[in-house]
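Q: Single-letter residue listing:
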Amino acid sequence: MIHTLETVIREHPFFHDFPEEHLSFITGCAKNVQFPEKHFIFLEGDPADEFYFIREGMVSVEMVIPHLGATTVQTLGEGEILGWSWVSPPYRWHFNAKTLKRTRALVFDAKCLRAKCEEDHNLGYEMLKRFASIITSRLDATRLQLLDIYGHND
Amino acid sequence: MATMIENEVPQGLNADPMIPQLYRVDRVRDETDDTFTFSLVPENGEAKISFLPGQFNMLYVFGTGEVPISISGNPALTSVLEHTTRSVGIVTKAMCLLKPGDQIGVRGPFGSHWPLNEENGRDLVIISGGIGLAPLRPVLYFLMAQREKYRKIVLLYGARAPEDILFKKELERWRGKFDLEVQVTVDRAASGWRGNVGVVTPLVARAPFDPSNTVALLCGPEVMMRFAVMELQKRGVPHDRIYLSMERNMKCALGYCGHCQYGPGFVCKDGPVYRFDQIVSVFGKSEV
Ligand SMILES: Cc1cc2nc3c(=O)[nH]c(=O)nc-3n(C[C@H](O)[C@H](O)[C@H](O)COP(=O)(O)OP(=O)(O)OC[C@H]3O[C@@H](n4cnc5c(N)ncnc54)[C@H](O)[C@@H]3O)c2cc1C
Ligand code: FES
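Chains as they are written, first to last, in this note's numbering: chain A, 73 to 226; chain B, 24 to 311.
Source of the hints: derived by calculation from the structure; they are not laboratory data. A couple of the hints might just be wrong.
[Stated by the list, open to error] Straight-line C-alpha distance at most 20 Å; calculated EDC-like pairs for lysine to aspartate or glutamate:
1. B:K257 / A:D89
2. B:K172 / B:E142
3. B:K257 / A:E78
4. B:K172 / B:D125
[What the hints assert, rightly or not] Away from chain A, derived, C-beta distances all over 10 Å, residues of chain B:
5. D187
6. T224
7. Q256
8. K292
9. D300
Positions of the beta carbon are idealized from the N, C-alpha and C atoms, including for glycine.
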């Protein structure tokens with residue numbers, strides 16, 4: 073079965089109940105991309121002008137720590153959204169994103185979306201609601217990681 | 024609170040459940056640097072071991088003390104009893120020093136069990152963290168023998184680091200052998216690790232199961248289970264199809280002493296495996 077971009081977007085839980093009138097604009101901002109294994113999708117400090125829906129594969133969100141090298145803080149896989157630094161200034165990536173496997177994704181032109189959200193606050197609110205929920209989940213997950221819930225007998 | 028066990032539950036080998044039965048350590052296997060699995064055999068070699076997945080025994084390290092430890096072995100084996108223990112304190116550290124040939128006291132099996140015969144025909148999602156995989160290992164043995172009873176089976180497992188993953192070889196074998204989707208994640212990893220990094224609960228959102236026809240089994244740190252329940256709720260799994268294994272300090276394991284009180288009941292009798300709708304009013308409350 074061939075999935076059009078619009079179907080893929082419409083069926084993604086992120087866009088559940090998204091107002092019909094904005095869907096074609098969102099679809100216009102998206103395109104399919106593929107990355108080979110060990111490819112840097114973006115680098116810390118670079119402009120954050122897009123975000124991604126991972127359709128297949130795995131991406132490591134990592135940071136280079138002196139003496140430790142590249143350290144993965146989180147991995148993201150099928151169905152997950154990569155990148156929310158485009159939402160708030162200074163619009164620069166805070167981490168590196170590197171593929172651990174061949175990865176297929178939808179990339180969204182966030183620069184264009186950001187401008188549209190400034191113009192149309194209804195769209196801006198719908199997008200922010202959804203990204204706030206992702207940010208909350210990631211914050212919860214980070215807190216659990218920090219709690220070291222499995223404990224250890226050091 | 025009503026007990027979860029409506030059907031026949033195995034009783035201990037002794038007539039008096041307060042008196043430990045003498046077992047011998049037959050084999051010790053190191054799972055990680057602080058976790059080990061004992062294979063125990065009854066000193067009275069004729070006794071037949073019988074338990075249901077999810078139940079626990081009280082293990083008595085002579086001269087030190089007694090602790091509740093879930094049974095982690097294959098429920099189909101009647102001659103050997105397996106327990107996987109993480110050494111955290113006085114008793115478990117003393118237990119860790121026992122060697123093959125040493126004796127240990129065993130009371131049990133006690134408590135409720137996972138609903139393996141009651142929930143057939145559905146997808147099964149198992150969410151576990153840390154040592155929480157040990158009480159679920161008998162479930163995996165059961166499923167290996169009776170794979171046809173469930174549709175999709177998904178195991179989501181979180182550990183602190185790659186070197187803390189329990190039953191590594193078995194996980195690989197089960198994944199390859201009987202159509203089990205296994206997703207393992209670690210909280211932190213060095214650069215050589217090629218698997219998932221992050222806590223286990225976000226894996227629920229993307230795990231391949233049908234929420235309208237799924238039963239979920241959860242075992243791990245309580246805070247992990249709280250977040251796992253939230254993720255299951257978000258996906259629409261009803262409360263009466265979520266089962267959790269709870270832990271509280273124990274002494275008698277028989278519902279006499281009150282040490283393991285949990286809400287209006289006792290974990291040793293009414294649990295450790297609870298159906299979520301039966302504990303929803305007390306679950307996650309810090310004063311309970
Ligand atoms: C029904 C049930 C099943 C269990 N199954 C298993 C199992 O299969 N494998 C296993 O390794 N453990 C299991 N436990 C936990 C185990 O009983 C405890 O780790 C043990 O009682 C600790 O005793 P200790 O004397 O070694 O530690 P203590 O000296 O009593 O405590 C030392 C330290 O460990 C911490 N601690 C004590 N109990 C726990 C606990 N339950 N969880 C986390 N930290 C704790 C204490 O807060 C303290 O910091 C189970 C508990 C219950 C109630
Ligand atoms: S341990 Fe005594 S009542 Fe449960």
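Q: The structure should be examined with respect to each hint, and the outcome stated for every one.
A: For each hint, the structure was consulted:
Taken as a hint, the B:K257 and A:D89 pair is honoured in the structure, with Cα atoms around 15 Å apart against an allowance of 20 Å. Restraint check for B:K172 and B:E142: satisfied, since their Cα atoms lie roughly 9 Å apart, inside the 20 Å limit. Under the criterion of a C-alpha separation no larger than 20 Å, the hint pairing B:K257 with A:E78 is inconsistent with the structure, at around 24 Å. Taken as a hint, the B:K172 and B:D125 pair is broken in the structure, with Cα atoms around 39 Å apart against an allowance of 20 Å.
Non-interface status of B:D187 relative to chain A is broken: a Cβ of that chain comes within 10 Å, the nearest being about 7 Å off. The claim that B:T224 is not at the interface with chain A is violated, since a C-beta of that chain comes within 10 Å of its own (minimum 7 Å). Its beta-carbon lying about 13 Å from the closest one in chain A, B:Q256 satisfies the requirement of being farther than 10 Å from that chain. For B:K292, the condition that its CB be more than 10 Å from all CB atoms of chain A holds, with the nearest at approximately 27 Å.
B:D300, annotated as away from the interface, keeps every beta carbon of chain A farther than 10 Å; the closest lies near 24 Å.
Of the hints listed earlier, those the structure fails to meet are numbers 3, 4, 5 and 6, in rising order.
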